[in-house]
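Engineer: All chains should be modelled from the sequences, with the hints used to inform the complete structure.
Protein sequences, first through last, are from chains A and B.
Residues 1 to 158, numbered by my numbering, are exactly what the first sequence covers, in order.
Residues 1001 to 1455, numbered by my numbering, are exactly what the second sequence covers, in order.
If you are wondering where the hints come from, they were derived from the structure by calculation, not from laboratory data.
Quick reminder that beta carbons are idealized off the backbone N, C-alpha and C, glycines included.
The reader is advised that the hints may include incorrect statements.
As the list claims (entries may be wrong) - Okay, the calculated bits of chain B under chain A, using three or more residues with CB under 8 Å as the criterion:
#, stretch
1, 1131-1139
2, 1417-1431
What the hints assert, rightly or not - Looking from chain B toward chain A, a few residues come up when the C-beta cut is under 10 Å (computed):
#, residue
3, Val1038
4, Glu1110
5, Glu1436
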Amino acid sequence: SVSHSQITRLYSRFTSLDKGENGTLSREDFQRIPELAINPLGDRIINAFFPEGEDQVNFRGFMRTLAHFRPIEDNEKSKDQDGPEPLNSRSNKLHFAFRLYDLDKDDKISRDELLQVLRMMVGVNISDEQLGSIADRTIQEADQDGDSAISFAEFVKV
Amino acid sequence: MFLLLPFDSLVVNLLGISITVLFTLLLVFIIVPAIFGVSFGIRKVYMKTLLKIFQWATLRIERGAKEKNHPLYKPYVNGIIAKDPTSLEEEIKEIRRSGSGKALDTPEFELSDIFYFCRKGIETIMDDEVTKRFSAEELESWNLLSRTNYNFQYISLRLTVLWGLGVLIRYCFLLPLRIALAFTGISLLVTGTTVVGYLPNGRCKEFLSKHVHLMCYRICVRALTAIITYHHRENRPRNGGICVANHTSPIDVIILASDGYYAMVGQVHGGLMGVIQRAMVKACPHVWFERSEVKDRHLVAKRLTEHVQDRSKLPILIFPEGTCINNTSVMMFKKGSFEIGATVYPVAIKYDPQFGDAFWNSSKYGMVTYLLRMMSSWAIVCSVWYLPPMTRQPEEDAVQFANRVKSAIARQGGLVDLLWDGGLKREKVKDTFKEEQQKLYSKMIVGNHEDRSRS
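Structural biologist: Structure below.
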């Protein structure tokens, strides 16, 4: 649950990003943040805010997505990722990351999806063959049920 | 006989007398000191009184909020997220360490690496360093202006009365006074410089020109009720040098020019600004560029170099950020002025936003609206620090020199030193930055070619 003051701050952040002042954010509003625009996975992260097939996100959706990553305030900063935290929230963070890989939402990360994300993260600095072998090795190491793809359970174990 | 006089003639007489008295007071207390550069100290007293009132108002608001049990909106000045500055490598190593605990020396790819980019991305969505510099700074305590009121609640009768009184004073007394002063200042500047322009070149002309400029800028300073504190005046810019400062608003020019005699650099405007520019250049050699010339960087650099090499010419005033930033940070300095090779005199300007926020948000307000807002605030309070002169060392290039000057200014003014370009206010960020990130990450998972011994 998010506290009242956090909601107020997030709302003021939402309104400051909403240049069109129509109560919703579009993809361009997110891309206007320079530090997000230079993040190699920026576009994927932005997509995670928008529900299926829509181009606008309202404050409720904005907050719901961000609530997975509750703002780390000073008194919470000392908590470790494995510390006494509700299992719920760690699992949510993992789910968010899994969905960044799994584009077609079939609950499996295939070799192609893995390659796509890898390509986004490394740009032009690594050749196709090298990237392919990295992807193959990763799947080999993580895959336990032999289907040449990584399911959520296997992802969590890594 | 007296009673037979028509009533309105009496009113007219009274009006006439009060206007005369007002103008005499104006002359004596404001314009004459401006001409000679002395001050009665009225503005400082005004500032102290205002501070006491603000403190009382803040206590009242906090007390009212506690009584009604309403949580107060307090702007988080340092950002929503507490984070330490670390590098891409360190953070990814940290994630891998807390995950599987495998050997970290060999470069390889881990599925968990995605967490780094994920978290960084979400953090910047919640709060980033750049976009917040292009809107006015949020105040910690209310200063009785409705434009800065975030709590939007009726707290007490006394506070509302005080606010109403403030509105009355600001709009009915201070605003007309300031507009009158501004008119006086500008018209004196235009006529004064035109007159001086007819004199033959020589010591007399320079002397008069300097004093006409200074006098008019001082009147304009009083027109804004600007209370300026100058520090380290012994470091003031000298002839043949370049003065650089951080840019918050067009008022910066007035503040600096009322304490020193500078040659200005800028684009030729139309309208009133154009009239002022043309008059000023008759009395003293300012550097005005046509719109088309501005695009040509070499031309600009050439003219500035010529100006600077002539030792008798005045120091040039330049704002290398290129755009107005909200005075909480200093953004990238454009390297053009640092390539010329002259001595650089850095100046740091820091405004106190409690009395009136001087930042010009040019996408929100036009120039006239902005000036009206300035003139209807309480006052513009700022500190100006003249820093010791700097020159380019042989082993540094223009960009490094610019960054060195920028850090010195940021440190002195208590501002955040950012590497981001102020042009991001209007433009998108360049792709080269993303490519840098990608390169760094590639190194992490692949390493150098010599390390690669896998089959």
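Engineer: None of the hints should be skipped; say for each whether it holds.
Structural biologist: Now the hints, each set against the structure:
By the rule of at least three residues with a Cβ nearer than 8 Å to a Cβ of chain A, the coverage given for the stretch 1131-1139 of chain B holds, with 3 such residues. Counting residues of the stretch 1417-1431 of chain B whose CB falls under 8 Å from any CB of chain A gives 4; the rule of at least 3 is met. Contact between Val1038 of chain B and chain A, as hinted, is not supported at the beta carbon level, the nearest pair being about 44 Å apart and thus beyond 10 Å. Given the 10 Å rule on beta carbons, the hint for Glu1110 of chain B holds: about 7 Å separates it from the nearest Cβ of chain A.
Hint status for Glu1436 of chain B relative to chain A: holds, with the closest Cβ pair at about 8 Å, below 10 Å.
Checked against the numbered hints above, the structure breaks only hint 3 and satisfies the rest.
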